[in-house]
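K.L.:
Sequence:
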Amino acid sequence: MAFLPTIFKRKQAEKKDGWRVGGMEDFMTLIRVYYQAVMAANLGISNLAALPDLRVFKQTLHVPTVNNKLGVGERNRCKKMLTDIYGISDGFFKEIDQSIKRNCRNINNIQSYLFTFQGFSQDLMMLMGNLMKWKFRMPGFMKGALRTMTEKTVNDILTKDNWKKEDVRRASIGIRQYQNKLGYSASWMSEYVYNIIVLAKKEPKPKDVPEK
0 MAFLPTIFKR KQAEKKDGWR VGGMEDFMTL IRVYYQAVMA ANLGISNLAA LPDLRVFKQT
60 LHVPTVNNKL GVGERNRCKK MLTDIYGISD GFFKEIDQSI KRNCRNINNI QSYLFTFQGF
120 SQDLMMLMGN LMKWKFRMPG FMKGALRTMT EKTVNDILTK DNWKKEDVRR ASIGIRQYQN
180 KLGYSASWMS EYVYNIIVLA KKEPKPKDVP EK
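Read in numbering that gives the first Met the number 0, the sequence shown has 80 at position 81, and its numbers run on one by one without any break.
If you're looking for bench data, these hints aren't it; they were derived computationally from the structure. Since we're looking at a predicted model, the values are computed, not measured. Beta carbons: idealized from backbone N, C-alpha and C, even for Gly. Hints are supplied without guarantee of correctness; some may be wrong.
Claimed, not checked - Restraint ranges, calculated between C-beta atoms of paired labels, are given here: (1) N107 / Q176: 16 to 26 Å; (2) S111 / T82: 20 to 30 Å; (3) G173 / M27: 40 to 50 Å; (4) S111 / P63: 27 to 37 Å; (5) G143 / S45: 37 to 47 Å; (6) T158 / V55: 32 to 42 Å; (7) G143 / G43: 35 to 45 Å; (8) S45 / L113: 10 to 20 Å; (9) T59 / I172: 37 to 47 Å; (10) M23 / G118: 14 to 24 Å; (11) G86 / K159: 20 to 30 Å.
Take the sequences, apply the hints, and build the full model.
P.N.:
And the structure:
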């Protein structure tokens, strides 16, 4: 989480050369922090060692504990950062809150939930990449079209049954099972995937690679 200290200098850096913190790795880190903060607040967890991303976030940004309850202040701070830097909607956070409340009724549920979400995220992105292919390479000024295509592809994954390839059909069934367990809507999935795609497109390409 080495990016966190640079967030304090974001405004100054933006004025100088247009630099803006917030790559794909930063986004995924903040998503993990948000999940862990909600779990800490809901379940009354006080041991930061059990929540490594939250621990680094709290200690690096010196986020104060609110009302002697770990997770409340950290959740609000992380939510604000995800909203300010990435434009994440309020509904996105509400669905995470509801999913965790539904699936994590005690501390023993945490690892199982996080493992399930990791599988859901990986399988969803792999299938989206398989189905959208060249659309991932669309130029940045066509964000509206990319978002529409992302929403359509997510809807196909959740509703379409007559896939030409058997592996795609099986993958879509697996994602529906994940969705049913975690409780995320098609809208949530589209917002999640779209942001990752856009951020991945902005990742710097390797430079000065010696030719063989």
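K.L.:
Determine for every hint whether it applies to the structure shown.
P.N.:
These are the hints, each one checked on the structure:
no. : hint                    : verdict
1   : N107 / Q176: 16 to 26 Å : holds (22 Å)
2   : S111 / T82: 20 to 30 Å  : holds (29 Å)
3   : G173 / M27: 40 to 50 Å  : violated (21 Å)
4   : S111 / P63: 27 to 37 Å  : holds (31 Å)
5   : G143 / S45: 37 to 47 Å  : holds (45 Å)
6   : T158 / V55: 32 to 42 Å  : holds (40 Å)
7   : G143 / G43: 35 to 45 Å  : holds (43 Å)
8   : S45 / L113: 10 to 20 Å  : holds (19 Å)
9   : T59 / I172: 37 to 47 Å  : holds (41 Å)
10  : M23 / G118: 14 to 24 Å  : holds (19 Å)
11  : G86 / K159: 20 to 30 Å  : holds (29 Å)
The structure fails hint 3 only (numbered hints given earlier).
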